[in-house]
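Trainee: Sequences listed follow chains G and V, in order. When we follow our numbering, the leftmost residue of the first sequence carries the number 1, and every step to the right adds one. When we follow our numbering, the leftmost residue of the second sequence carries the number 1, and every step to the right adds one.
Hints were generated in silico from the structure; no laboratory data involved. Be aware that one or more of the hints could be misleading.
No distinction is drawn between identical chains; accordingly, a pair holds when it is met within one copy or between any pair of copies.
Claimed, not checked - Pairs of lysine to aspartate or glutamate residues, derived as DMTMM-like cross-links and limited to a Cα-Cα distance of at most 20 Å, are as follows:
1) Lys274 with Glu28
2) Lys274 with Glu177
3) Lys245 with Glu202
4) Lys318 with Asp175
5) Lys318 with Glu177
6) Lys274 with Glu113
7) Lys267 with Asp187
8) Lys267 with Glu247
9) Lys318 with Glu76
10) Lys318 with Glu247
11) Lys318 with Asp13
12) Lys97 with Glu118
There are 2 protein chains.
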Amino acid sequence: PDAAAVAAVAARDAELTKPPGSLGRLEEIAAWLAAWQGRPRPAVTRPLVAIFAGNHGVAARGVSAFPVAVTRQMVENFAAGGAAINQICIAYDLGLKVFDLALDHPTGDITIEPALDEAGCAATIAFGMEATAGGIDLLALGEMGIGNTTVAAAVAAGLFGGTGADWVGPGTGVDAEGLARKAAAVDAALARHAGHLGDPLEVLRRLGGRELAAIAGAILAARMSRIPVVLDGYVVTAAAAVLFKAEPTALDHCLFGHLSAEPAHAKLLAAMGKRPLLDLGMRLGEGTGAALAAGLVKAAAQVHSGMATFAQAGVATKG
Amino acid sequence: PDAAAVAAVAARDAELTKPPGSLGRLEEIAAWLAAWQGRPRPAVTRPLVAIFAGNHGVAARGVSAFPVAVTRQMVENFAAGGAAINQICIAYDLGLKVFDLALDHPTGDITIEPALDEAGCAATIAFGMEATAGGIDLLALGEMGIGNTTVAAAVAAGLFGGTGADWVGPGTGVDAEGLARKAAAVDAALARHAGHLGDPLEVLRRLGGRELAAIAGAILAARMSRIPVVLDGYVVTAAAAVLFKAEPTALDHCLFGHLSAEPAHAKLLAAMGKRPLLDLGMRLGEGTGAALAAGLVKAAAQVHSGMATFAQAGVATKG
């Protein structure tokens, strides 16, 4: 973080025509933007939502309410402008890029083998780093992948302990039997990969998936490129948690956009001591929660940069 | 509410390319818009933020951290585009109108007399109704008035019982002595007007202020004109509570935009069983919380109206 930029924001904030502290988290966001953009006047003029899509071998275990074909169908829906995320990007003037990750070649079934081999995991992390190209100044991350809340649960359990039942949830809407299959799949995966879970990157490679690996790469690249990041719900947070587990400050440039209705998301955030911005009962993915939060981040930047000072406006100060 | 419009939204929502219920409160907002706009496809194309500004006799009791002159200075700041609310309106493309209400003639000091006489109160309610003119389809309400969190506390106590200490808070940032003066002023006002507080409109007239009366008028007019309303923080909620106390369904066309950091706001919302949309630690007023929420309402309308159906997008349904 850029301490001088943070100090500049604090000094200007104290002069703006409002009581000190009265804009709450908007003020925190302005300081956070400045800290990670490394400039005294934060701005969001080229925000991007990046969605990574992947398919999962574990989906064959009956862990999702939707068929695997839906991953590609939704990628096509994103391209055609018909998904929820497209509408939020219209509403808040956010760019959108969709990265599909070898959808015809699902990852290995984590209950019996690693999701990815070492070369494939490294290549996918590197691919995810491409999301930061193009001169963007805010990156919101989303995902699409039938079966990926099961994978996220496995990663969360691999990183923070506990069983499948602790970390699975209804996802897109499985019934009680489906939920039991999800928990059993996670437990089987944890047993299969026991002894290899001490290294967070091994958790990602063995229990994760391509979109999770790419998201981890995008978060890393954004840090290096001074691009603040807004994270979405459970799956994106699980990918981010890999980096947190390796280094607890690794997500300091990330804002947790919303609290998902997927029950274990709150638990995962609590395990990292993170506080989400919005709580709207959403559980869609696609970056929808992150994009709504990005709309607030845009407003926070505009407020800080556009407001008049007490002196400029001729407004009397406190006391 | 328009039951046919709500049914149309529910039927379309079930066809959209997402798991049922996965957009949480965005889905609720789309249905709420349709219910009160009275049309099957909700839209927010002409949203307006209306700010009402007033001055208060009770301000002479030392209840605010800022001098009374700041009310007019901030109205001028709104006109010049330098306030926080101006920036949020830019960020979300919201219209903005500011209504100043006889700023040179503060209301009566509620500790010794009614804030308004009967004719003045009625005229101010009628004036507030003008906020709905111009073909708007969403109305966000805000206020400005040095001393008006004291007045809001008096109204809340008058409507729901309790003492000054139960309903006052730091407002723009008074110290402990200022807080004690606020509580004492509310207690004095409650004692002075005891026996006249059974009628909510008398509470408004005796303990309220011009901006509160105008806001009550705007809420009433919006209901008649089929314009959904987004409410701001403690002061706006106190004005709205007058209508709620008279008729518990009177605010069903209103969305509570945010939870203010002013401590008694949560208590006032709880007294009415209302749940705010955002919780960002804000306590500025000016409609800033309502305007941020209006940005979410715009997104919710765009999502519902703009998304493709499963059939249109060729996406497989659940199961």
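Trainee: If the cutoff is 20 Å on CA atoms, where do Lys267 and Glu247 land: within, between, both or neither? Let me know, please.
Mentor: within (19 Å within a copy, 41 Å between copies)
Trainee: What label fits Lys267 with Asp187 when the C-alpha limit is 20 Å: within, between, both, or neither?
Mentor: within (18 Å within a copy, 44 Å between copies)
Trainee: Could you place Lys318 and Glu247 in one of the four classes (within, between, both, neither) given a Cα distance threshold of 20 Å?
Mentor: Neither: 43 Å inside a chain and 39 Å across chains, both beyond 20 Å.
Trainee: How would you label the pair Lys97, Glu118 (within, between, both, or neither) given a Cα cut-off of 20 Å?
Mentor: neither (26 Å within a copy, 60 Å between copies)
Trainee: At most 20 Å between C-alpha atoms: does Lys274 with Glu28 qualify within a copy, between copies, both, or neither?
Mentor: within (14 Å within a copy, 27 Å between copies)
Trainee: When no copy is specified for Lys245 and Glu202, does a C-alpha distance of 20 Å or less occur within a copy, between copies, both, or neither?
Mentor: So Lys245 and Glu202 pass the 20 Å test inside one copy only (12 Å; across, 60 Å).
Trainee: Cα distance capped at 20 Å. Does Lys318 pair with Glu177 within a copy, between copies, both, or neither?
Mentor: between (61 Å within a copy, 15 Å between copies)
Trainee: With identical chains treated as interchangeable, where does the CA-CA distance between Lys318 and Glu76 reach 20 Å or less: within a copy, between copies, both, or neither?
Mentor: For Lys318 and Glu76, only the inter-copy Cα distance (18 Å) is at most 20 Å; the intra-copy one is 55 Å.
Trainee: Within, between, both or neither: how does the pair Lys274, Glu113 come out at a Cα-Cα threshold of 20 Å?
Mentor: neither (32 Å within a copy, 50 Å between copies)
Trainee: Is it within, between, both or neither when you check Lys318 against Asp175 at 20 Å Cα-Cα?
Mentor: between (57 Å within a copy, 11 Å between copies)
Trainee: Are the CA atoms of Lys274 and Glu177 at most 20 Å apart within a copy, between copies, both, or neither?
Mentor: Intra 32 Å, inter 36 Å, cutoff 20 Å: neither.
Trainee: With identical chains, the pair Lys318 and Asp13 could be close in the same copy or across copies; at 20 Å between alpha carbons, which is it: within, between, both, or neither?
Mentor: Within. Shortest intra-copy distance 14 Å satisfies the 20 Å Cα cut-off; inter-copy 49 Å does not.
Comparing the model with each numbered hint stated earlier shows that hints 2, 6, 10 and 12 do not hold.
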